[in-house]
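Chain A is already provided as a structure; the job is to place chain B on it using the hints.
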Amino acid sequence: MNTYYLLISAALFALGAYGVLARRSAILVFMSVELMLNAANLALVVFAREQGSPAGQAVALLLIALAAAEVAVGLALVVAIYRTRESTLVDDLAELKG
Amino acid sequence: MIVFNLLAGALLLLTGFLSVYLRNAVHAALALAANFVVMGTVYMVLQARFLGWVQIIVYAGAIMVLFVFVIMLLHAAQAEVGFDPLPWMRPAALAVAAVGFLALAWALGAARAPLAAKASAALLKGGTALALGPELWNTWRYPVLLVAALLLVATVAAVALIRPGKEGA
Numbered sequence: 002m003n004t005y006y007l008l009i010s011a012a013l014f015a016l017g018a019y020g021v022l023a024r025r026s027a028i029l030v031f032m033s034v035e036l037m038l039n040a041a042n043l044a045l046v047v048f049a050r051e052q053g054s055p056a057g058q059a060v061a062l063l064l065i066a067l068a069a070a071e072v073a074v075g076l077a078l079v080v081a082i083y084r085t086r087e088s089t090l091v092d093d094l095a096e097l098k099g
Numbered sequence: 004m005i006v007f008n009l010l011a012g013a014l015l016l017l018t019g020f021l022s023v024y025l026r027n028a029v030h031a032a033l034a035l036a037a038n039f040v041v042m043g044t045v046y047m048v049l050q051a052r053f054l055g056w057v058q059i060i061v062y063a064g065a066i067m068v069l070f071v072f073v074i075m076l077l078h079a080a081q082a083e084v085g086f087d088p089l090p091w092m093r094p095a096a097l098a099v100a101a102v103g104f105l106a107l108a109w110a111l112g113a114a115r116a117p118l119a120a121k122a123s124a125a126l127l128k129g130g131t132a133l134a135l136g137p138e139l140w141n142t143w144r145y146p147v148l149l150v151a152a153l154l155l156v157a158t159v160a161a162v163a164l165i166r167p168g169k170e171g172a
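Read top to bottom, the protein sequences are chains A and B. Going from the first sequence to my numbering is simple: count from 1 and add 1. Going from the second sequence to my numbering is simple: count from 1 and add 3.
Each hint should be verified, as a subset may be incorrect.
Covered, in the sense of this in silico footprint (three residues per stretch, anywhere, with C-beta under 8 Å from a C-beta of chain B), are these stretches of chain A [as the list claims (entries may be wrong)]:
| hint | segment |
| --- | --- |
| 1 | 3-9 |
| 2 | 32-43 |
| 3 | 46-58 |
| 4 | 67-74 |
| 5 | 79-92 |
If you anchor each label on the Cβ, the simulated ranges turn out as follows [as the list claims (entries may be wrong)]:
| hint | chain 1 | residue 1 | chain 2 | residue 2 | range |
| --- | --- | --- | --- | --- | --- |
| 6 | B | W91 | A | A56 | 23 to 31 Å |
| 7 | B | A160 | A | R86 | 42 to 50 Å |
| 8 | A | V80 | B | A124 | 15 to 23 Å |
| 9 | A | D93 | B | R144 | 40 to 48 Å |
| 10 | B | V102 | A | S54 | 41 to 49 Å |
| 11 | B | A125 | A | V91 | 46 to 54 Å |
| 12 | A | N3 | B | A132 | 21 to 29 Å |
| 13 | B | W91 | A | S54 | 42 to 50 Å |
| 14 | B | V6 | A | S54 | 27 to 35 Å |
Quick partial rundown of chain A residues pointing at chain B, CB under 8 Å, derived from the structure [claimed, not checked]:
| hint | residue |
| --- | --- |
| 15 | A12 |
| 16 | L13 |
| 17 | F14 |
| 18 | A15 |
| 19 | L16 |
| 20 | A18 |
| 21 | Y19 |
| 22 | G20 |
| 23 | L22 |
| 24 | A23 |
| 25 | S26 |
| 26 | I28 |
| 27 | L29 |
| 28 | A61 |
| 29 | L62 |
| 30 | L97 |
The hints are simulated quantities; they were obtained by calculation from the structure and are not laboratory data. Cβ coordinates follow ideal geometry from the N, Cα and C atoms, glycine included.
Next up, chain A with everything else stripped away, as it sits in the complex:
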């Protein structure tokens, strides 16, 4: 059962990675990042279940708080960029390309 859930966690992480690379709207890129963070959380909880140690669950709880902070700042950035650009597309933000 543990390996089964770890495989699902790996698959969700890969799906999130695909979304981060292939999506072109900043909001959808953020949602894919959330999917990746959740996959990592699932792996942590499975490892805690496997080892009988609550440390994995404690770290997963801290990760949820970190993800909340990340979403707050990230969405504020998206809104701030939208105000000046009228766009949420990552392709429109190419000033720093070398």
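Coordinates of chain B only, in the frame set by chain A:
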């Protein structure tokens, strides 16, 4: 139990796939919210009951509402908008995801030393707040304080970033 595991796994993969596949951002956000709810129930089955409820309340509740709110606010429901400057990006992303999945699956073959299911369940005590609290406030007390400070900074930063009258335009 086996039925639950198969159903939960299938739902997790399906909603995860839909959240990166659907064209409409609101639909993708709802698929992701469903993914988070199923993930919460899986946590509860994996002896992490407190974490399961936190997942449903914080992720499926607060964070996804924030996402849907911003999508509505910015009229950003459409993911596709005409000209694609990087047409090779989609197959490249698919290749990266496939290689990443294979690497992670391969890493699972490394030696792990799991306890018997019953022994580890006795140690975790269901992962209730009563079981998790002492761990958080003894071993992880400084990380907890740091994350609390970070949340405060993030809140202030979010408010400062979208403060009206600061565009300078």
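Handout entry: Numbered hints the structure breaks, given as an ascending list
Key = 6, 7, 8, 10 and 30
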